[in-house]
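One line per chain: the protein sequences are P and V, in this order.
Take this note's numbering: the final residue in the first sequence is number 777, and no numbers are missing along the way.
Take this note's numbering: the final residue in the second sequence is number 168, and no numbers are missing along the way.
What the hints contain is simulated information worked out from the structure, not anything from laboratory work.
Any given hint could be a false lead.
Only part of the chain P face toward chain V is listed, based on derived beta-carbon distances under 10 Å [stated by the list, open to error]:
no.	residue
1	Lys59
2	Gly423
3	Tyr424
4	Tyr558
5	Gly597
6	Ala598
7	Ile599
8	Arg602
9	Phe733
Result set (DMTMM-like, lysine to aspartate or glutamate): computed pairs, CA atoms no more than 20 Å apart in a straight line [as the list claims (entries may be wrong)]:
no.	chain 1	residue 1	chain 2	residue 2
10	P	Lys678	V	Glu86
11	V	Lys31	P	Asp586
12	V	Lys109	P	Asp603
13	P	Lys59	P	Asp246
14	V	Lys109	P	Asp281
15	V	Lys156	P	Glu327
16	P	Lys732	V	Glu127
17	V	Lys102	P	Glu651
18	V	Lys102	P	Glu687
19	P	Lys732	V	Glu86
20	P	Lys287	V	Glu86
Residues of chain V clear of chain P, computed beta-carbon distances all greater than 10 Å [what the hints assert, rightly or not]:
no.	residue
21	Thr6
22	Glu21
23	Gln44
24	Glu65
25	Gly78
26	Val80
27	Lys109
28	Ala129
29	Pro137
30	Glu161
All values derive from a computational prediction rather than experimental measurement.
Idealized CB from N, CA, C, for every residue including glycine.
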Amino acid sequence: MNKPESISGGSSTRKSILANGKTLAQNRADMYNISKESGHYDGLKELKLKSSDPITYEKIFSKLRAGVVNARETAKKIAASPIVEQEGELCFTLYNTAGDCICTSTGIIIHVGTMGMCIKYMIENNWEEDPTVNPGDMFTNNDCQIGNVHPCDIATIVPIFHEGNLVAWVGGVTHVIDTGAAGPGSMSNGQVQRFGDGVQITCRKTGINDKPMRDWQHEVQRNVRTPKYWILDERTRIAGDHMIRDIVEEVIADVGVETFIQFSSEIIEDGRRGLVKRINDILIPGKYNTVAFVDVPYMHEDVHVPSPFAKVDTIMHAPCTITVKPEATWRLDFEGCSRWGWHTYNANPTAFTSGIWVMMTQTVVPTERINDGSLFASEFRLPKGTWTNPNDRRTAHADAWHFLVSSWSSLWRAVSRGYFSRGYLEEVNAGNSNPCNWMQGGGFNQEEEIHAVNSFETAACGTGACAMKDGLNHAAAIWNPEGDMGDCEIWELAEPLLYMGRAIKSNTGGYGKYRGGMGFETLRMVHNSADWCMFFMGNGYMNSDWGLHGGYPSATGYRFEAHNTGLHKRIAEGKSLPMGHDWNPDEPDYENHLEPGAIVKRDSQCITTEEIFENGDLYLNYLRGGPGFGDPLDRTIENIEKDLNDVVLLEEYAIKIYGAVFSKDKEGYYTVDADATKARQKEMRKERLSRGTPVKEWMKGERELILDKKASPQVQQMFASSFELSQPFLDKFRAFWELPSDWLVTEKELGVPAFGAKHHMDLSQMPDVKTVVLVEE
Amino acid sequence: MSTTYTKKQVAELIDGVLDWETVRRMLFMPKDPLRFAMYIEVLQDRAQWEDKIVLPLAPHLYIVEDKNGDIVNKCDCGYVFGPYTENWKLNALIYVRDSVEKFNQVYPKLMSPDASWQVYREYYCPECACQHDVEAPVPWYPVIHDFEPDIAAFYKWVGLEVPKKIAA
Chain P
1 MNKPESISGG
11 SSTRKSILAN
21 GKTLAQNRAD
31 MYNISKESGH
41 YDGLKELKLK
51 SSDPITYEKI
61 FSKLRAGVVN
71 ARETAKKIAA
81 SPIVEQEGEL
91 CFTLYNTAGD
101 CICTSTGIII
111 HVGTMGMCIK
121 YMIENNWEED
131 PTVNPGDMFT
141 NNDCQIGNVH
151 PCDIATIVPI
161 FHEGNLVAWV
171 GGVTHVIDTG
181 AAGPGSMSNG
191 QVQRFGDGVQ
201 ITCRKTGIND
211 KPMRDWQHEV
221 QRNVRTPKYW
231 ILDERTRIAG
241 DHMIRDIVEE
251 VIADVGVETF
261 IQFSSEIIED
271 GRRGLVKRIN
281 DILIPGKYNT
291 VAFVDVPYMH
301 EDVHVPSPFA
311 KVDTIMHAPC
321 TITVKPEATW
331 RLDFEGCSRW
341 GWHTYNANPT
351 AFTSGIWVMM
361 TQTVVPTERI
371 NDGSLFASEF
381 RLPKGTWTNP
391 NDRRTAHADA
401 WHFLVSSWSS
411 LWRAVSRGYF
421 SRGYLEEVNA
431 GNSNPCNWMQ
441 GGGFNQEEEI
451 HAVNSFETAA
461 CGTGACAMKD
471 GLNHAAAIWN
481 PEGDMGDCEI
491 WELAEPLLYM
501 GRAIKSNTGG
511 YGKYRGGMGF
521 ETLRMVHNSA
531 DWCMFFMGNG
541 YMNSDWGLHG
551 GYPSATGYRF
561 EAHNTGLHKR
571 IAEGKSLPMG
581 HDWNPDEPDY
591 ENHLEPGAIV
601 KRDSQCITTE
611 EIFENGDLYL
621 NYLRGGPGFG
631 DPLDRTIENI
641 EKDLNDVVLL
651 EEYAIKIYGA
661 VFSKDKEGYY
671 TVDADATKAR
681 QKEMRKERLS
691 RGTPVKEWMK
701 GERELILDKK
711 ASPQVQQMFA
721 SSFELSQPFL
731 DKFRAFWELP
741 SDWLVTEKEL
751 GVPAFGAKHH
761 MDLSQMPDVK
771 TVVLVEE
Chain V
1 MSTTYTKKQV
11 AELIDGVLDW
21 ETVRRMLFMP
31 KDPLRFAMYI
41 EVLQDRAQWE
51 DKIVLPLAPH
61 LYIVEDKNGD
71 IVNKCDCGYV
81 FGPYTENWKL
91 NALIYVRDSV
101 EKFNQVYPKL
111 MSPDASWQVY
121 REYYCPECAC
131 QHDVEAPVPW
141 YPVIHDFEPD
151 IAAFYKWVGL
161 EVPKKIAA
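Isolated chain V (complex conformation) (with noise of 0.2 Å):
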């Protein structure tokens, strides 16, 4: 069985809707090394700007190499939340679960966490209100910075060239 999959495949898998016998394959046959680079390929064609995706970080947030080089977080709909090496979290909206009521939307009440022992943070973008991500930690725990990729070492590993902003 192959090993190697079609940039439509890829971009079904994307949607989900990749048929179960190809997803059950690539999840028993070893990886494909392509995949990234047609990763990719197929989230830049998607992308409304014109900045070159790096890596992406989450459904609607990439890390993205911008018309002057710079090495940026950016959201979909075209908001950037800082530098690739900070949080991007500390450049979006919150909004604190730390209550019954306002758990409560979320879960029945006994379902749900004490607001004394744990809390939800929910991370939007500031411009389309994208819920990038949920903490759930107790109250007074710092902002988590879930992911600190060392791009320049990736690129190498994948054989691409590392941006030149990265490399320096």
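Extracted from the complex, chain P is given alone in its bound form (with noise of 0.2 Å):
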């Protein structure tokens, strides 16, 4: 575990409502502390009840573990959101009295940190004196300065006491479809601060008695635009609240407090070990260096932003290096990260650290046993001031998960050689897509209701190829180990746009080997709407991922919309209409379907803040491929066939690409000539060998552009925001490149608004607040 300075306990005026007598802060220091110097959770060297009675000990993880799963699957079907109903976008799970957790349910698992951190919040503000912690209770929060992820994620917290004394916190978090930000959707992207970026809500008691409170539903409803949503999300997440409660007071009831509370301590350390045990059998020690890029493309005339600050164009940079110990912990270092930004995309430390879970438990840990103590046997250092761990209060986090799983899918590659070495080639991943896009929009819908939407086709992108198998097509996303894209009817229901086509998108997944799975697309006519916008969230100018081994980085994404398409008309005529492919976007087809007149956009702008839709207007959903795996002169040629019958791989491309040599009969069946295509293949290698130059070679060459400043104006602000917040980042830069020890590149010199570099003001500033750090900053 990270092991920041010991943590006090504070005091309160009031009786405990703990058992032993202690303050809530006092109780959570005593565990925190004896964790920090024992290096087993509560100080538990031995598990004594696993060990004395392990039925006992079992019988209890399966009651809990089945009851929080349980209480999500039930809980689902009260949601009216279809982000809820079919994407699964909520999870529930339970904390001991320290906030620290014991078990989760399945579905949007990064809020195992989250809502911890809300509850440490309320234990270190000492709520249980103001406004008082008592059975019957609930707490509301999406703050992001405290651990929420963004803002959209509602995380209903309720105490469960046992004759009196608090014994466990139960959460239950649920994506919410819109928040009252400036723009509508859940993870809208035209506000640049806090103050834009939707209702944020503070620990607040929000119920007693088990009843939200009449002022809060009052106050919130008009908050947001989409309040029938709200209430039933709120209803779904109460409900398995209280379902979970219900099964800790039967297991109480079963074995007893002193076992369970016992038990909530057991099963840390259990999963603590567990990880521990993990890393030793699947990984190799050692140091694993990786990095991820995102572009963030404000300079473009179709993001509108209220601040002329924000009006850059930046790239966030999250370098990471994990180490593996001989002793099979682990430390994850993101010394040299870009700055926070002006935009919807900064993390905080709660949401990496904790939100690393949901891609680790994909790969690293597939276990039901997540809880903190994978937490415990890890380090995370998440340097102050970069995106990762703002220092500044008046961040937006709309849509974190942005640059999050981006990172992530650097640090699934990363483990992935691991495996590799290793001859655990089932697990490697090359390294998940950047899933996107998310199509969001508002306005008056089709039952002339004010409305909101995220559509999120994007849980199911195309995975990484792994290192014996192509990614999966179109399943899953790096945020939610359970993607699926929903049906088009839903969200043709939940959103005033038909489907005009949904299709595989061919050439997505990186070539290699072993290719990426690949993204699919959707065109979307928008129908029976009134005063709709709508905008694009993704990746265009760049890629996050890269592939693994010589695999090739999945296609990155770009934009489709048509204005004034006159497709009410053709319709009425009988016309041909564009419908389903968008093949190949340099030889566009939709162009020949529209009227004359039509507007349309068609470029690598990806990010968009809202634009005026009309009736009849189109917009491709175009949900992006995975990486690929090892050289893709490997492949055989049964799959370079199959991917062309297959009608995932464009013909020019598997000529490029794999050098095949084919020919295609009257129904459209392509057969690859071996013979002919391992001769292309092997002239393929001779043309790689007379464009190659020596490393060292081109590294003079490049070292020149250094020296000039020849770059684009937003790789040098990457660069120059990574060096004025990491000395080290900027020494090993000089040290590779044996650059003059006096070399730099600074934002002044680049003539771009940089506010809040050097002016910048803490959540920890403010009066009355303690915050909780858990990590190395």
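Now that you have both chains on their own, put them together as the hints suggest.
Given below as structure tokens:
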């Protein structure tokens, strides 16, 4: 675990709500400090309950785990929001009295940590004295300054009491469709500060005696665009929380409260040991160096922001060194990251450290026993002032995932190097796609109600290639282990957008011996809406995922939208329509099925802000593919042929990438000529040798470009931002390129606004606020 | 269900032809501790050279112990990329895709990065032209040393004798 200073417990004038007589803060401080000193959660060098009575131990776990999963599955049906009901964007988690996770449901398990942080914040800021913590209370939180990922993840926290004493907490979270941000949709991107990022609630007591308070409901419903969904989502969370509370009461009635309390610490130490064992079983000690980038192209005319200092092109930089230690714990160090920015993609340390487990449970620790024990076996270094740990309370976070998933994809690629070297080829994943586009918007929908949409089709992007098979097509998202694109019919009910087609997107998976999984595309026509706006949100100029071991990154995104299409006229006249595939964007065909005068935008600008869409306008929602594995020239002839016949590989690129020589029969069936293809591949190898330059020679030229400061402003700004925050990164950069010791590029010399670089104010500087820090900063 | 596998099954896994039922078992059962030794054995049988494989790095790239006991990065074709502690990429050939035309050899123009934001760096073996890696960084980015294994610690984990020059 990280080793910040010991924490102190604070004081309270109110009678303790714990059986041990301590304040909540003292209780947490004691557990934290003994964990730090002993290296074992709560100082548990032995798991006495587990070793003396393993049957009871497993019974308790099974009952609680089944309880949280069942609560999620049941509560999901209460929700009206398709994000929750179709995509399962909810999660329930049980915590001990210190706010450390005992067990969690399936779903968006990033919230193991975020809700835990909310509980810890209440503990450290003496909520037990004011506003008080009593049986039947409910607390609501979505504050990104104390750990939430983005404002649309709303958590309802319920304390669980037994005979007047607090014994646990339960939290439920749902991704709501709108939070009343400046722009509609749950992850909008027009705002650049917290003050436009939607309603933010800080661990507020919102219910007593198991009922939400009326003033809370009246206030919050009018602060969002979609009150119907808000109400039902809250009921979803409350129902799940109360189901889990019932289960805990049953367990206590069965085994006794002392055994339950003992269990609630042992299971976390068990989780810590589980991660250590798994690292030892599957990885290789050493250093894994990796990096990810994301484009933030805000200079474009279709990005409208309220603040001039936000109108800059920037690049997110996320280098990471994972050190797997000989004792099979690990440290993840993000030294060198770029600064937070005036956009909605900032993260905070808890979103980062907790969110990583969403990804890790799909790879390093695919276990139902994931809990805060994993965090206690890990060290995180997230330098203050970077996008991973902003030092300013104004930051916006609505689409924190945009940066988070991009940096995690590189971590997956990194650990996959370890799996490959160890022979666990079945575990290798070249790194998942950056799951986007996020199709969002709002206005008046087909029901003539104020509405907002955020299509979660993006929960089914392509996965990265494995070391022994291709990636999965349109199957998953790194942020939700239960990926699902949802049903067209349900989306058409939720959105005033008709499907003109839904198809696998050719050439989106990165090429390789094994190719990345393909993404897909849906063409939507605005229908029956009024005053409707939409926008795009994804990567276009860059790609955050790379290939692995010679495989290529997946394709980048692009934007297609069309206005003044005349489609209603064409439909009435029975003319051809744009439908299905946008096969090759370099040879566009949709345009051939629009009326003269149609206005088309087809470019790499994949981040836009609200634009007016009239009925009959078109929006292409292109969901990305995953990266590839291994040299493409190692791909089997059979697989190349299959890709052609499955229409996931354009002919032109079968030739350019794989050297395929093929014929096509009358029915359109491809046959690849193996001998001719092998011969062509031999030539391609020779071409590689003739166009390649020895790396050390190439470095001399690249060094000259650096000395002459020849690179685009956004590239230089990225380096300048990282250099300013990280002397170690600057030193490494200078050493690698053998630059003079005084060489530097600064934001000042680039002439771009850098508001927040020098003057900033952190949440810890607010009156009466005690922040909770769990990482090295 | 068994969590040990045969050398034949490991060889089929490497070749990508192992039956899905066994692959699934490999995925959801605890990991088989003998896998590494068996994996090395299969790869060693296939190697065109006598050097002892210490750690596979990529499908055609290995850390090996040569006849002098030196630990080096080596390609399937026999090309040596230098000592294992150094970044093998520095001894490779590189081809940088940094223009619309070069990117268009890989993806349609609108599905490729913009070269003023990002480039592809393809690393080839100077002898057999195997594409061992593709980086996709911003221009100026230092060549990444992806993996620096602690072989001594790892060999202790799996109960193998640490190569002499590493142990020393």
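Could you check if Arg602 of chain P really has its C-beta closer than 10 Å to a C-beta on chain V?
The hint holds - Arg602 of chain P has a Cβ within 10 Å of chain V, the shortest such distance being about 7 Å.
Tell me if the straight-line CA distance from Lys732 of chain P to Glu86 of chain V falls inside 20 Å.
holds (15 Å)
Does Tyr558 of chain P hold up as a contact with chain V if the rule is Cβ-Cβ below 10 Å?
holds (4 Å)
Any CB of chain V closer than 10 Å to the CB of Lys59 of chain P?
The hint is violated - Lys59 of chain P has no Cβ within 10 Å of chain V, the shortest such distance being about 22 Å.
Within a Cα-Cα threshold of 20 Å, do Lys31 of chain V and Asp586 of chain P meet the stated pairing?
violated (46 Å)
Would you check whether Gly597 of chain P satisfies its interface hint, that is, whether its CB is within less than 10 Å of any CB in chain V?
Since chain V brings no Cβ nearer than about 23 Å to Gly597 of chain P, farther than 10 Å, the hint is violated.
The output says Gln44 of chain V does not contact chain P. Does that hold with a beta carbon cutoff of 10 Å?
The assertion about Gln44 of chain V holds, with a minimum of 12 Å to chain P.
Holds or violated: is the Cβ of Ala598 of chain P closer than 10 Å to a Cβ in chain V?
Since chain V brings no Cβ nearer than about 18 Å to Ala598 of chain P, farther than 10 Å, the hint is violated.
Compute the least Cβ-Cβ separation between Glu21 of chain V and chain P, then decide whether it is above 10 Å.
Its Cβ never comes within 10 Å of chain P, the nearest being 12 Å, so this holds.
Does Tyr424 of chain P pass the interface check with chain V, least Cβ-Cβ distance below 10 Å?
holds (6 Å)
Once the closest CB in chain P is found, is it more than 10 Å from Pro137 of chain V?
Given that some Cβ of chain P is not farther than 10 Å from that of Pro137 of chain V, nearest at about 7 Å, it is violated.
Using Cβ atoms and 10 Å as the threshold, tell me whether Val80 of chain V really stays out of contact range of chain P.
The assertion about Val80 of chain V holds, with a minimum of 15 Å to chain P.
Of the hints listed earlier, those the structure fails to meet are numbers 1, 5, 6, 7, 10, 11, 14, 16, 27, 28 and 29, in rising order.
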